[in-house]
Each structure stands twice: as structure tokens, then as C-alpha cells.
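2 protein chains.
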Amino acid sequence: MNPQMRFTLEAQDPHCAARAGRISLPHGEIETPVFMAVGTQGSVKALSQEDLVALDAPIILGNAYHLYLRPGTETLEAAGGLHQFMAWDRPILTDSGGFQVFSLDGLTKVTPDGVQFQSHIDGSRHFFSPEKAIDVQHSIGSDIMMCFDECTSYPATREHAEKSMRMTHAWAARCKAQWESLGAEHQALFGIVQGSTYEDLRQESARTLADLDFPGYAIGGVSVGESKDEMRRAVEWAAPLLPEHKPRYLMGVGPPEDFLDAIERGIDMFDCVMPTRNARNGSLFTTRGKVNIKNARYARDFEPLEPAWPNPVGGHYTKAYLHHLYRCGEILSLRLNTLHNVFFMLQLAVHSREAIRNGAFPDFKRAFLEAYTSGE
Amino acid sequence: MNPQMRFTLEAQDPHCAARAGRISLPHGEIETPVFMAVGTQGSVKALSQEDLVALDAPIILGNAYHLYLRPGTETLEAAGGLHQFMAWDRPILTDSGGFQVFSLDGLTKVTPDGVQFQSHIDGSRHFFSPEKAIDVQHSIGSDIMMCFDECTSYPATREHAEKSMRMTHAWAARCKAQWESLGAEHQALFGIVQGSTYEDLRQESARTLADLDFPGYAIGGVSVGESKDEMRRAVEWAAPLLPEHKPRYLMGVGPPEDFLDAIERGIDMFDCVMPTRNARNGSLFTTRGKVNIKNARYARDFEPLEPAWPNPVGGHYTKAYLHHLYRCGEILSLRLNTLHNVFFMLQLAVHSREAIRNGAFPDFKRAFLEAYTSGE
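Taken in order, these protein sequences are the chains called F and A. At position 3 of the first sequence (counting the first as 1) the number is 590 in my numbering, and the numbers step up by one without a gap. At position 20 of the second sequence (counting the first as 1) the number is 607 in my numbering, and the numbers step up by one without a gap.
Don't read these hints as lab results, they were simulated from the structure. Some clues are possibly wrong.
Same chains, same label: a pair holds when it works inside one copy or across any pair of copies.
[Claimed, not checked] 35 Å max Cα-Cα, derived DSBU-like pairs, lysine-lysine:
#1 Lys881 - Lys696
#2 Lys632 - Lys881
#3 Lys881 - Lys719
#4 Lys750 - Lys719
#5 Lys632 - Lys877
#6 Lys763 - Lys750
#7 Lys815 - Lys877
#8 Lys881 - Lys763
#9 Lys632 - Lys719
#10 Lys815 - Lys632
Bound conformation, chain F alone (with noise of 0.2 Å):
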């Protein structure tokens, strides 16, 4: 096998883990560090593919359980794959489902072989090995496809962290088989490090996934309810042993803040649901620290936003009419909350990146915080 895939690795900040570099796919290049915005069932809540190119999103997520029940294999077979069901020509990374399945509480019956599992959409009955894992990747066509892994839940037992782990690194070998018996060459295929909070797991996952010499790889099982200690403490564990020269994605990470904190841990590539999650509710980010626009102080406050980054799209609507928006509920509100947040996360990603070149991510990382700690 020869993925399409490549990763260059452009620069390494002096005082610290932090990295810059590229990944090429088939459908485009991606400068990292990244956020990708979570776009589950082929939609990124709130926006249209046009917004996301406006903002320039380089990548988007979609879900294979997601996508699996609904439109379902065949009806993305026959569109020619997600990026032409959902008119997309920009990456796509796909997760394998199993956070999902997984998370279906007591509705799964988990063996060696795989997960069974019933619908929360119909209840009817569906049955998710690695290798179906894969090939549903494979009927969606993404450009990174993930193992398919047992994410750990918080807190766990060392015993049941350790036997999970082994689950996951025997499914990483099978999920690693079956993307080569299908020759996906333009689908890259990321292994994914697990062992909760346990360094000699986590090491030993980090160790056992670069054996098998995956195109990139993925931190998992964190943003499940740990500290922040705890993750950043995941993260020094397993980045170090993963290969230099391949990307690190770290799951499910997340606000600004511990955004930063993976950053500079070397970690490249970012996906969390919070940034559009909050924006539905009101809640802002910004460079000044995060706003509450339900809160009256906004109703007559006529200042855009965020002067700092303003997003492209709707960056010149007032606080005011924002409020106003969230307040009547309108469609509206939930489209130019989402922008602004995605479109933050993006800038950040972007700044980090040119503070890394410049060899100056410490400093980049403390001004901002300091900022934006000091708001609302």
C-alpha cells in the first residue's frame, strides 16, 4: 500500500513540543496545526458548504454511524461517495462510529469480534465490526478514515483500561488489513492510542499503534469527563512515541485553552463539537474571553463581536442584533453564532501556526490567554 497521504513536517517551535506542517490529501492541503469542524450527519450544524469555504475550513468531520444509518452506504455508493452527496471538494476525515456505538447505553453487546448494536433513530439492529468499519469508511470515501477502537470510559479501572486497550490495538490490525485488501490508496488510515489515564498504557498503545506503521495517528479516549490535568498528562505520555514524521490528532479537544495546551504538546489536528455546540447556546468565544450574547448587557452594545478576527461572513452584525436574534429565537441566530465560532477556532489554528514558524508559540499562547481570561 501508498497512501496518497503525505505529511511535512515545515517547522518546530524551539521552546517547546509545538509543530507546523502539511497534510496533502486528495482532495486538498491542510496546514496544521488544524480545526475541523464536526459535521456529523454531512452537515456542519448551521452552516452550508459555501460558508465553510468562506471561512476557509480546510477539513470537516463526518460520523460513519452517523452516515451509515442515514443516508446510508448504498445511497452514498450511488452519489459517488460524501463529497458529491453533500457537494464538498474539501477533505473530509471520518470517525469509525465506534465513540458512537459505544456510547449507546445499554443498546450494544460488545465481543472480540465486534460491537452489535440497535439504532437511536429506529431501534432496529445493526452489527459493527473493524472490517465493516472500514468499509463504510470506504463507501463514504473520506480522505482519513479512523480505526475502529473502544474508547475507554472515565473513570476506568487499570484492569479494564488494559483490556480495552488490547480490543483496540487487535481491531487496529484488522482495521489496517481490510483498508489494504481494499487498496484505498486515496483514503489514508489513522490508528488511534488509548490506555486512559495510565502512562505505562498509554505508552504502551502509543508504542504498539506506530509498530503498525499507520499513515497518522490519533489520541483517544480523552474529553470523556478527565481533568485537564489528566489529558495534558495523556497527551505527554503518547506524542512523544508517535512517529515525528506522521500527523497526531487529538480527539474531541476543544476549547481554546486546552486547544493551546495540545499545541504545544505536539499534537496537530483538532476536532470538537463545542465551538458549534455553545454557539446554538449563546455561547461566544472570543479574543477577549467568551460572551454570553443572552446576556442584556448586549442589547444595545452596537460594536461588532469580535474586531480582532472579523469572521467573513457575518462578522459586521452588532452584539445588539445578535442578541436580539438569540433572544426572539430566530433560524438566524443559530447560523451567525456557529460562524463565529468555527471561524474562531479556525483563527486560532491559523495564529498558532504563524507563532510556531516565527519560533514564538509560548509567548503567542500566554498573550492570548491573558486576553482572554479577561473578559466577561
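Got chain F sorted already, so can you dock chain A onto it with the hints?
Frame of chain F; chain A shown alone:
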């Protein structure tokens, strides 16, 4: 008073009363016939102001009742008017709020002086007189204000219809006096014809309002439950008695067939929530008839919805994708469907105007309806 609004009659179809014109207003020119999208609370539901410009919507509606309650006239005045508040620099027409106030079942008390009502939001008590309705619209700063009228409910006894009409006439005179006392030359004021389903009342109302010499006239009390025949007759009775060189606006109308019927009878301006409301329910207008996008037949229909009038914002998305978004309850579904239906109505107006200028409106109408009734 020397209102800044100018209406120019540009063409008259020789086969019917259909006419093409141009309304010049402080915030821009409008070619008629025109469809005005409804932005009740300072937002056309699911669309941004940039969307409306991309669709080339020349004018939108606001509602004095809703805007008075939220954000309130003090905020609107502090912002410099609704145009500034919502960042929309094209014309705005405001409904006076009469229709809404009279719809607040059981919460209203009507006297010749005005209407006492309770907010549908928090139950707070308020009072709208004709003067107050003009003051509110003056704070809003709309290009066209509407008189405060009683929209006679349907069915109405002759006695009730007559009494209600006389109050509307008295209020029209008071609205005009208040408008003049404000010296609001940058805002035009339209009178509203009532008279329910009674020929002599409709005629008396048209004559009375014409004598009051408004810059423009609306026909109200339609689209309230009456038959299509009754609506057509209301227009036929009133329109010929309204001054030829003033614009005529049919309030709250309507679906494509009613829109064309009214143009044929000499109407220039239309507003209707149906295109936006139906869109949110998955009911879409096309030149080949209505499409119910939730229908399973569209699950693998990879053609665009409307090849004849392709929507410049979302017209490239396939029916299969629109179906998927609707089925999954994605927010983008609301926007793409609304973009489609609003653009459809705008195009219907554009093509109607072109047909009138070519002296071929009845042919255009016949051909359109033949295709439109052939669909799903």
C-alpha cells in the same frame, strides 16, 4: 408633505389589468410586480441579509407589533433605525401591527381610540392607537409604513364588516395626520382597503381611501380563510377604484397561483409567509409543481431541485441531499429550503414583469400554471 417615494408605471399589459412599474424609495428602487419576503422580527426566518442580497430580494417586511415588543423602539432608535440595527440597506416595509394585535385571541380590548392588548411573550399590557402605530413605524424608519387598520375576520356579517371598515377609515385619517405631523417625508404611508366580501363596502373603502390621497394603497382582509373566488372578487372590486399612478399591495398573498391571479387584476406588491413557512416544512415550489422533499422518492434523486430557475445560493444541492437534511432535522435544511422558495417567488415576479413588458402576461400565466400543475 412631499413624500420621497416615487412610483412610475412602466408598462400595461393590453390583455388584462397587469402592469409593470418602479417604486423609488430612500433605500433603493423596486421593480414591480414584487414579492416581499417577511422578516417579522428583523430577520427573514433562516436567511441572512447577505442571502437576501444574493437572491436579489429588493425589499423585505418588518412588523411593528413584534419590533415594538422586541427589541423595542428605544433600542431601534439608539441603533439609528431598523436598517442599521439589522444591517440591511435596501427598502423595508412595515406592517402596522394591526393584524397581530387583533389576532391576540381574548387578550384585546378595542375602542374607537385604539387597541389595548397583552404581549404574547410575557403578558405585559400595551396600547396601540393609530398615532402610536405610526410613531412605532417612525422609530423603525421603514421606507413604507402601513396604516393601523382592523383586518376584518372571515366570515363577517355585513353589519360587522361595515362597522369595522368605518373604524379603519377613521383610523386611516388619524394615521395620515400623525404621519404629516411627524413630517416623515422619507417614509411613505399606505392606506388599507377593507370591506370583507361585500362589493359595495370594498368599493366604498377604495374610494374613501383614494380621497385621503395616500402615496400607495393596500388591499387587506384577504387571505384570512375566504375562497380563492372571494379573494379574486375583493381585488376586482377595489383595484380599479384605486389611483392608477399609485402602487397597489395585496396583503398576505400568496401561493404562486394567487400571486398570478392578482397581478392579472392590477396588483403590484405582495408579501406572504407561505414561501418561508412551507420551506421549513419541506414543501417547495418548483416550475414543475410542488415538491415535498421529505418524500422517499427523493432519497436517491441526485438532480438539483429547480434547473429552470437555479437559486444562486444553494441551487446546486441535489434533491437527495435536501431530503437527507430534512430527514435528519439539520438546521441547514431550513435555510436551503427557504432560499429556494424565496428565490422562486422573486423569479416568479421577475418573469411576470418581463411578460407584462412584452404584453404577454396571460400567455405566461397559462404556460406557468400548466407546468406548475403537472408536478408531484
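Pop the pair Lys881 and Lys763 into one bin, within, between, both or neither, using alpha-carbon distances up to 35 Å. neither (48 Å within a copy, 38 Å between copies)
Can you give me the call for Lys763 and Lys750, within, between, both or neither, at a CA distance of at most 35 Å? Within one copy only: 20 Å inside, 81 Å across.
Checking an output row: Lys750 and Lys719, CA cutoff 35 Å. Within, between, both or neither? Answer is within: at 22 Å inside a copy they meet the 35 Å cutoff, but 73 Å across does not.
Should Lys815 paired with Lys632 be assigned to within, between, both, or neither, using CA atoms and 35 Å as the limit? within (27 Å within a copy, 40 Å between copies)
Status of Lys877 relative to Lys632 across identical chains (alpha carbons, at most 35 Å): Close inside one copy (21 Å) and across copies (27 Å); limit 35 Å.
Classify it for me, Lys632 with Lys881: is the Cα-Cα distance of at most 35 Å met within a copy, between copies, both or neither? both (20 Å within a copy, 19 Å between copies)
Reference check for the pair Lys815 and Lys877, CA-CA at most 35 Å: within, between, both, or neither? within (18 Å within a copy, 53 Å between copies)
With identical chains, the pair Lys632 and Lys719 could be close in the same copy or across copies; at 35 Å between alpha carbons, which is it: within, between, both, or neither? within (27 Å within a copy, 41 Å between copies)
Is it within, between, both, or neither for Lys881 and Lys719, if the alpha carbons may be no more than 35 Å apart? between (44 Å within a copy, 29 Å between copies)
Between the shortest in-copy and the shortest cross-copy C-alpha distance, which are at most 35 Å for Lys881 and Lys696: within, between, both, or neither? Answer is between; shortest inter-copy Cα gap is 33 Å, intra-copy 43 Å.
Comparing the model with each numbered hint stated earlier shows that hint 8 is the single one that does not hold.
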